[in-house]
Amino acid sequence: YQRRVRGCIAMKTQTFARIAFRLSSTKQEILLRIVVLTLIYIIAFSTRLFSVIRFESVIHEFDPYFNFRSTKYLVNEGFYNFINWFDSAAWYPLGRIVGGTIYPGLMLTAAAVYWIAHFFHVTLQIRNVCVLLAPFFASNTALITYLFAKEVSDSAGTGLVASAMIAIVPGYISRSVAGSYDNEGIAIFALILTFYLWVKSVKTGSLFYSTLCALAYFYMVSAWGGYVFIINLIPMHVLILLFTGRYSNRLYIAYCTLYVLGTILAMQISFVGFQAVQSAEHMLALGTFGLLQLFVGVNWIKKHIGAELFQSFFRIAASIGIGSFVTALAIGQATGYISPWTGRFWTLLDPTYAKEHIPIIASVSEHQPTTWSSFFFDLHLLVFLFPAGMYFCFRRLTDANIFAILYGITSVYFAGVMVRLMLVLAPISCVLSSIAVSETLDTYLKFVKGRKGKKVEEFPAQKEIGLVMVAGLTVLLVLYVFHCTWVTSEAYSSPSIVLAAKQPDGSRMIFDDFREAYWWLRQNTEPDARVMSWWDYGYQISAMANRTVLVDNNTWNNSHIALVGKAFASNEDTAYQIMRQLDVDYVLVIFGGLTGYASDDINKFLWMVRIGGSTDPNIKESDYFTPSGEFRVDSQGSSVLLNCLMYKLCYYRFGQVYTEKGRSSGYDRVRNTEIGNKDFELDYLDEAYTSQHWIVRIYKVRSPDNRG
Amino acid sequence: MESILQLFEVPFHFLRVPIVRLKTPTFPSFSPMLVFCFVFLTYFLVLSGIIYDVIIEPPSIGSSRDEATGSVKPIVFMKYRLNGQFIIEGLSAGMLFSIGGLGVIILHRSSQKLQSEKVRYLLILAGVLCVMVSYNLCILFLRNKIPGYQKSF
Chain A
1463 YQRRVRGCIA MKTQTFARIA FRLSSTKQEI LLRIVVLTLI YIIAFSTRLF SVIRFESVIH
1523 EFDPYFNFRS TKYLVNEGFY NFINWFDSAA WYPLGRIVGG TIYPGLMLTA AAVYWIAHFF
1583 HVTLQIRNVC VLLAPFFASN TALITYLFAK EVSDSAGTGL VASAMIAIVP GYISRSVAGS
1643 YDNEGIAIFA LILTFYLWVK SVKTGSLFYS TLCALAYFYM VSAWGGYVFI INLIPMHVLI
1703 LLFTGRYSNR LYIAYCTLYV LGTILAMQIS FVGFQAVQSA EHMLALGTFG LLQLFVGVNW
1763 IKKHIGAELF QSFFRIAASI GIGSFVTALA IGQATGYISP WTGRFWTLLD PTYAKEHIPI
1823 IASVSEHQPT TWSSFFFDLH LLVFLFPAGM YFCFRRLTDA NIFAILYGIT SVYFAGVMVR
1883 LMLVLAPISC VLSSIAVSET LDTYLKFVKG RKGKKVEEFP AQKEIGLVMV AGLTVLLVLY
1943 VFHCTWVTSE AYSSPSIVLA AKQPDGSRMI FDDFREAYWW LRQNTEPDAR VMSWWDYGYQ
2003 ISAMANRTVL VDNNTWNNSH IALVGKAFAS NEDTAYQIMR QLDVDYVLVI FGGLTGYASD
2063 DINKFLWMVR IGGSTDPNIK ESDYFTPSGE FRVDSQGSSV LLNCLMYKLC YYRFGQVYTE
2123 KGRSSGYDRV RNTEIGNKDF ELDYLDEAYT SQHWIVRIYK VRSPDNRG
Chain B
125 MESILQLFEV PFHFLRVPIV RLKTPTFPSF SPMLVFCFVF LTYFLVLSGI IYDVIIEPPS
185 IGSSRDEATG SVKPIVFMKY RLNGQFIIEG LSAGMLFSIG GLGVIILHRS SQKLQSEKVR
245 YLLILAGVLC VMVSYNLCIL FLRNKIPGYQ KSF
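Chains as they are written, first to last, in the working numbering: chain A, 1463 to 2170; chain B, 125 to 277.
Honestly, the hints are just simulated from the structure, not real lab data. Heads up, a few of these hints could be off.
Beta-carbon label-pair distances, calculated as ranges [to be verified]:
| id | chain 1 | residue 1 | chain 2 | residue 2 | range |
| --- | --- | --- | --- | --- | --- |
| 1 | B | V134 | A | L1771 | 21 to 31 Å |
| 2 | A | G1768 | B | L146 | 17 to 27 Å |
| 3 | A | F1921 | B | P152 | 32 to 42 Å |
From the structure, some residues in chain B lie toward chain A, with a derived Cβ separation under 7 Å [unchecked claim]:
| id | residue |
| --- | --- |
| 4 | L171 |
| 5 | Y176 |
| 6 | G194 |
| 7 | P198 |
| 8 | L206 |
| 9 | N207 |
| 10 | Q209 |
| 11 | F221 |
| 12 | G224 |
| 13 | V228 |
| 14 | E241 |
Glycine included, C-beta positions come from ideal geometry on N, C-alpha and C.
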């Protein structure tokens, strides 16, 4: 009986195995794709969690703190109060119209996730939603890149490779790590979504996809100022298709729908408003729209009248048309109705512009041009596969391929101009590299497998060569993964609000001075106290210390920043006048001399002088250098530098501190020199708080003496 | 209507129209591969950091003084910084990137129809060499530039 039962069970498992595993090959393929995409989704999320695991779930950097504060305001006050928010706690005494000067997409997305979660009684904290929003959207980007690459190359394998590559590419991770709650985190998702829907609508000519593309474009406009890239790239694509004779009805339907609906939707964002039809950055889209109508109209007329009549008609019409367009453009430019390219975008076309004219743009390190090592560090294997992928696209040109090529070329140029735009290069390099990988694998796996039926080029050692190639490519991809993970772990996962250093015995020392000082401000000063600091720290002070600041990272008012720069660069008497004018109660400086923290205010000081000097000609940069042109803080330093407010606030009482073995007191560990002006007292300020490692120093401005 | 047309005819009673053979300028057509070569050249230039070179104007090669002899030693790589480079360093790295890309393209060409088998094996060898050498040299360059670039998890 037992033998019969065992036999029965064996037969039952056999039949079950046969039924369960007898999926058709298409179903197997779909299952494999779903499994791979799920794994990619999980990987894209988890590789961005290094800083959450090492430190805690905290918002990083500077800009995300403003976004976090705005999201809290949105969640607490509601949508309409958020859109109409006037923030009087920033840019004292000017205030800032927040509702009209931000891209609200990020805050609305985070608030939507928060409200949906709370609707299902999953009570997430808003801070955790904000911290983890970027990894969540990075996973979504990986999925959309799968769809986009599949559309461009008509091959699902390419899509999977592209998706896997973009999940871990360091160029994208740097701006979407957990805690980096910034516009780019959701903007890249919106960018790829718009491009995917654009390619789909050009390929199908369907009104449905074109409308979806316009909606995705609206989401992109609400998310990031980089939407200007889309509204210039898509018209360029349309023009290239026109000039290479690839015009079709589908293109007409796709572009007209996108332009009309997209522009109307873009104007709903108050920050964009009428710029969408007035500013020079949008003129190419308008011009292409007009040109497309002309092209279609001319073709329609050509069909209806004869050829010779058409020739003469065309000449007259073309000359009138071009003449009136040029005069309209000239009048628009001359009367100022069409505003010229703003400085930020003009720098992309003429990279030398910012260095000469706008020091604030030039001072941001993200806006510097890119070196070869940044390219290789952020893209690794993709720099080799990118031109190969372009080659494969050029071999078999289709409408979608041309779009990928155009996107690739323009993004390589822009990434070369500004390091920050490496982010825009990362997705297309993943897509083009995946085309190269996929084509190579296709060719060499055919050698290994040998296709049934069709004739394949037979040559000796074909199978072995195929195996070697596939193995080599696999090794390269594995090395890519190792590199990406190392870069994510070591370079891009630092919160910058909390610093960590390895001690000689291997243990980790944490510097939490920033949060310590901001909380001191929050708990020990009057609620309406005004804090003066350099603009870098404005957002953090507003968000964590909840106090009014004079200037912050928005940098919209250059002369206000120049006033603060002048205050820091002048001696105490002049600075006190400015501080009384601006009603300043506390001054906050960042000082790295005790710890060796190199991004402190003394290293940024020359920028304060330059920006202050851009409005007040009495502040000359040369005054702060030694006669031989060096910037020194020791006894050889210029006396103007040794007596200015920033110097005194950073080095107050520092002259009595011993920082390193074998050195005298007052040794600055960042400038590697003993300071020049050691024993001085402050006339108009009192030291209010210095953090544990002297990184943040807060001073209280004394009220004026009583008369008599 | 007729009189207006006759008015237009008047100048030609005493002006002689010259015989001019003009063709309306046509848009020159480029083959896709020619455009690709141009794009490839641009790619090489941009990835060498030529825009950085033009704006920041670094020296073409760094120099340091040898303490013992006092002679000037050239330094190829700007160390410890990812966001700085010398011109020669950038151009050689860009060259490596282009060679690597060419290697992948050569490997693909070797699998297509060819005249002789010898050419096929030569192309495969060339492609593999290009890719391997350029990748390893790039890693070496990076290790030289950032001494901390190890796989230290």
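So, going through the hints one by one against the coordinates:
1. With their beta carbons about 25 Å apart, V134(B) and L1771(A) fall inside the hinted range of 21 to 31 Å.
2. The hinted window of 17 to 27 Å between G1768(A) and L146(B) holds, with their beta carbons roughly 24 Å apart.
3. The supplied range of 32 to 42 Å is met by F1921(A) and P152(B), whose beta-carbon atoms lie about 40 Å from each other.
4. With 7 Å as the threshold, the beta carbon of L171(B) comes within range of chain A, its nearest partner Cβ sitting at about 5 Å, so the hint holds.
5. About 4 Å separates the beta-carbon of Y176(B) from the nearest beta-carbon of chain A, less than 7 Å, and the hint is met.
6. Hint status for G194(B): violated, given a least beta-carbon distance of 22 Å to chain A, over 7 Å.
7. Below 7 Å, beta-carbon pairs count as interface contacts, and P198(B) has none with chain A, the closest being about 18 Å; its hint is therefore violated.
8. Hint on L206(B) holds. Least Cβ distance to chain A is approximately 5 Å, under the 7 Å limit.
9. Interface restraint check: N207(B) against chain A, minimum CB-CB distance 6 Å, threshold 7 Å, status holds.
10. Taken as an interface hint, Q209(B) checks out: its beta carbon lies about 4 Å from the nearest beta carbon of chain A, inside 7 Å.
11. The interface hint given for F221(B) is met, as the beta carbon of that residue sits about 5 Å from the closest beta carbon of chain A, less than 7 Å.
12. Using the Cβ-Cβ criterion of 7 Å, the hint placing G224(B) at the interface with chain A is satisfied: the shortest such distance is roughly 3 Å.
13. Contact between V228(B) and chain A, as hinted, is supported at the beta carbon level, the nearest pair being about 4 Å apart and thus within 7 Å.
14. Residue-level restraint check for E241(B) holds (minimum Cβ-Cβ distance to chain A is 6 Å; threshold 7 Å).
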